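We have chain A already, so just place chain B on it with the hints.
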Amino acid sequence: MSLTRRAVVTAAAAALLLAGCSTGGEEAPATGGGSQAAQEKVVIDWWHIQNIEPMLPVWDAMAKEYMAAHPNVTININPLENEAFKAKMTTVAQSGEGPDIYQTWGGGVLQQQADGGIAKDITADIADWQGTFNPAALAAYQLGGKTYGVPYDIGMVGFWYNKDLFKKAGIEQPPATWTEFIDAVNKLKAANITPIALAGKAKWPGHYYWTYLAMRIAGLPALQEAATAKSFENPDFVAAGQKLKELADLKPFQNGFLGAPYDTPDGQAAAMGGGKAAMELMGQWAPTVQKDTAGDLGEALGFFPFPSVEGGKGAATEALGGGGGFAVGADAPKEATDFLKFILSAENARKEIATGSLLPVVKGTEDAVTDPRGKMVVDVLAKATGFQLYLDQAYPPAVGAQVNDSVAELIAGTKSPEEVVKAITETAQAE
Amino acid sequence: MKTTKGPESAVTASPVPRRLIPPTQPRAPKNQGKARKRITIILFLLPGVILFSLLVLAPILLAMYSSVFKWNGFGLLPTNFVGLDNFTRLLDNEIFLGDLRRGALLIVLSLVVQLPLSLAIALLLNQKMRLRAVYRLLFFAPYVLSEVIAAVLFSMLLSPERGLANEVLGFLGLGSSSFLSEPDTVMFSLFVVITWKYFGFYVILYLAGRQSIPKELTEAAQIDGCGPWHVFRYVTLPLLGPTIRITIFLSVIGTIQLFDLVYVLTGGGPVHASETLGVTMYDIGFNRFQVGYASAISVVMFLLSLVFAIGYQRFVLKRDLDGATTTMGGGRR
Chain A
1 MSLTRRAVVT
11 AAAAALLLAG
21 CSTGGEEAPA
31 TGGGSQAAQE
41 KVVIDWWHIQ
51 NIEPMLPVWD
61 AMAKEYMAAH
71 PNVTININPL
81 ENEAFKAKMT
91 TVAQSGEGPD
101 IYQTWGGGVL
111 QQQADGGIAK
121 DITADIADWQ
131 GTFNPAALAA
141 YQLGGKTYGV
151 PYDIGMVGFW
161 YNKDLFKKAG
171 IEQPPATWTE
181 FIDAVNKLKA
191 ANITPIALAG
201 KAKWPGHYYW
211 TYLAMRIAGL
221 PALQEAATAK
231 SFENPDFVAA
241 GQKLKELADL
251 KPFQNGFLGA
261 PYDTPDGQAA
271 AMGGGKAAME
281 LMGQWAPTVQ
291 KDTAGDLGEA
301 LGFFPFPSVE
311 GGKGAATEAL
321 GGGGGFAVGA
331 DAPKEATDFL
341 KFILSAENAR
351 KEIATGSLLP
361 VVKGTEDAVT
371 DPRGKMVVDV
381 LAKATGFQLY
391 LDQAYPPAVG
401 AQVNDSVAEL
411 IAGTKSPEEV
421 VKAITETAQA
431 E
Chain B
1 MKTTKGPESA
11 VTASPVPRRL
21 IPPTQPRAPK
31 NQGKARKRIT
41 IILFLLPGVI
51 LFSLLVLAPI
61 LLAMYSSVFK
71 WNGFGLLPTN
81 FVGLDNFTRL
91 LDNEIFLGDL
101 RRGALLIVLS
111 LVVQLPLSLA
121 IALLLNQKMR
131 LRAVYRLLFF
141 APYVLSEVIA
151 AVLFSMLLSP
161 ERGLANEVLG
171 FLGLGSSSFL
181 SEPDTVMFSL
191 FVVITWKYFG
201 FYVILYLAGR
211 QSIPKELTEA
221 AQIDGCGPWH
231 VFRYVTLPLL
241 GPTIRITIFL
251 SVIGTIQLFD
261 LVYVLTGGGP
271 VHASETLGVT
281 MYDIGFNRFQ
291 VGYASAISVV
301 MFLLSLVFAI
311 GYQRFVLKRD
321 LDGATTTMGG
331 GRR
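Chains A and B are the protein sequences, given in the same order.
So in the working numbering, spot 252 of the first sequence is number 252, and the numbers just go up one at a time.
So in the working numbering, spot 293 of the second sequence is number 293, and the numbers just go up one at a time.
Next up, chain A with everything else stripped away, as it sits in the complex:
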């Protein structure tokens, strides 16, 4: 009697517990099971980082359009801020359950996601339409012969400069060589103009300088070889650091740059957009962010590629850059790639380019670029003879972060060019 009573109590408690657990766990299988059970209901979780105007509404509208044409598909859009996206992605990666479509920059991070079973090999899924992309744009998402993502944007890093301030300092031509560049910095300083805006707090804007100098001095293949050999102990990389130190010693950056963020009202982009600094080394998105944080320089804003370095092995036509792409989650329904095909069709790609915040990756859409700044980048990029993905994306995350970190220390004057090379090598070898 009492035994059964106890059993009943225990059973009831167990049932309660189970019920408690299962309500928590049920949500996840429901979406996956739905797609299996019937064709009717498919849910696609889409995480992108175009969380501000003008791209946010464009993709919202496309998702609605797709859902209207495919009533069985529900697309949950989750627009995230860049850093928030990265943090959230790390968390879901540990649970092994990523979103169905998510932002990627290709390279080392995507490789880790592919190895970890988060990203799906979509080589076969996109075989019939992968020819619509520019091969250079798609290359960042092709790793070891397999495709893990598709591009929606590509661009490059170069110097954005304020033509008015250059004129004021008596600089006729944008500098083409490093000597001319240093000369321009000195002239700007002499005219009491802050030559360069730099976001020291964000770290990644500083790594562009070191990478470009390394590309110009050591040549493009050296960077790839160094990553494979896990050794950056190359006198050319030290020389790149020395050139950067030479620049930093001139104190060309704005007041308090070490603590400056990139895209806040007191950051790098705002200093540039507000006409307080003469140039910044930044990607194709620079004009959009300048406008967003301070102001639009309009006609006064110019663009020139990173200068060549005398005696270096690299050519001035080699570009550092990257873009944005979408990777597909390992458990994503097949509709996910179909949706990507839809938003990256020539017609929709034109709409995206027309906003002025994305540059063409789909063949034959180049003429959709109406924004004059976008055109400047596209023109330089079209003539590029080589392409290097941002090091903090191309390399494994720890190595990329170490490059950013060490270069920041070099610019701040706490590390020597030799120590930078040593630190990066040590991190690469520990990976």
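Derived from the structure by calculation, the hints contain no laboratory data.
Check each hint, because a few of them may be wrong.
Unchecked claim - Calculated cross-link-like contacts (lysine-lysine; reagent style DSS-like; alpha-carbon spacing at most 27 angstroms):
| hint | chain 1 | residue 1 | chain 2 | residue 2 |
| --- | --- | --- | --- | --- |
| 1 | A | 351 | A | 291 |
| 2 | A | 86 | A | 341 |
| 3 | A | 88 | B | 70 |
| 4 | A | 86 | B | 70 |
| 5 | A | 276 | A | 163 |
| 6 | B | 128 | B | 215 |
| 7 | A | 375 | A | 168 |
| 8 | A | 375 | A | 341 |
| 9 | A | 230 | B | 70 |
| 10 | A | 86 | A | 230 |
| 11 | A | 422 | B | 70 |
Nothing here was measured: the structure is a model prediction, and the numbers come from that model.
Frame of chain A, contents of chain B only:
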């Protein structure tokens, strides 16, 4: 203990009347009663135990487990066992060692500046004065703000080009300061922000402690000829002892775990000059995807806090806690 006795006896009293139990099992009722009592206790404890295990114990154990692996965080569980490598690597990591130094500096500054300041303000606020409630509210307000909001506010205030602080300094003809953007000044700027954020909390604690001191004692001291300083030194301060010891404890533990305020305010920079253990852990785990290595830092943070907490409780808080908690091994009384 007293409170749990009520429901317990109610439960044991309610079931099967004694006379229904067959006389062939004379020892059954006692055992059954005991077992039932135990089940009741277990059932009542269960929700708490489950929550504690899932939300506190499991993460700690998981962090300890992953700290002996080289793991980038992908996949369900780590596989590449490296033993204590992550910990030996930490000993060579300048940034980690710097975190310990900076943590020690912040602890010293907190104990020497922040807590005495809070005590002074608390004693002032205990005086009879106009608008006393308003002051109390104002001083407590920063503590109510979230760390992120406070950090964003101060990053605006201390911004080198556009910040109010430099505008004011410039207006007074004192030039400008870089506050958060120079390695030499960032720690002190950070400490000012931390003090601003948390002193209100300590003020409230001290105020509560001060108010629980009976008036008779201070009056008696005054009648015996004590001046204000002697009243403070020989009556107020000793009687505030328990509160002060608790605030020191909270301040040290809080400093070891400092993260959000620093992360938003400076990101640990410039060039790691204001980095804390928490920021380093975040950077290694979330930017570099070295989750095993980052777990090692979290384990170190946990051990530091644990050793300090246990040591402090055992040696410093002992007299405050005596009788308040059950001690292991049956207690001393």
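Going through the hints against the structure:
Distance check on the hinted pair: residue 351 (chain A) and residue 291 (chain A) sit about 21 angstroms apart at the alpha-carbon level, within 27 angstroms; holds. Of the supplied pair hints, the one linking residue 86 (chain A) and residue 341 (chain A) holds, its CA atoms being roughly 24 angstroms apart against a limit of 27 angstroms. The suggested pairing of residue 88 (chain A) with residue 70 (chain B) holds, with an alpha-carbon distance near 21 angstroms, which does not exceed 27 angstroms. At roughly 21 angstroms between alpha-carbon atoms, residue 86 (chain A) and residue 70 (chain B) fall within 27 angstroms of each other, so this suggested pair holds.
This hinted pair checks out: residue 276 (chain A) and residue 163 (chain A) have alpha carbons roughly 13 angstroms apart, not beyond 27 angstroms. Proximity of residue 128 (chain B) to residue 215 (chain B) is assessed by CA-CA distance (about 14 angstroms); at most 27 angstroms being required, the pair is judged to hold. Restraint check for residue 375 (chain A) and residue 168 (chain A): the C-alpha separation of about 26 angstroms stays at or below 27 angstroms, so the hint holds. Between the alpha carbons of residue 375 (chain A) and residue 341 (chain A) the distance comes to roughly 25 angstroms, so the proposed pair stays at or under 27 angstroms and holds.
Under the criterion of a C-alpha separation no larger than 27 angstroms, the hint pairing residue 230 (chain A) with residue 70 (chain B) is consistent with the structure, at around 18 angstroms. Between residue 86 (chain A) and residue 230 (chain A) the CA atoms are separated by roughly 25 angstroms; this keeps the pair inside 27 angstroms, and the hint holds. At most 27 angstroms may separate the alpha-carbon atoms for a hinted pair to count; residue 422 (chain A) and residue 70 (chain B) meet this at roughly 22 angstroms.
Consistency note: the structure conflicts with none of the earlier hints.
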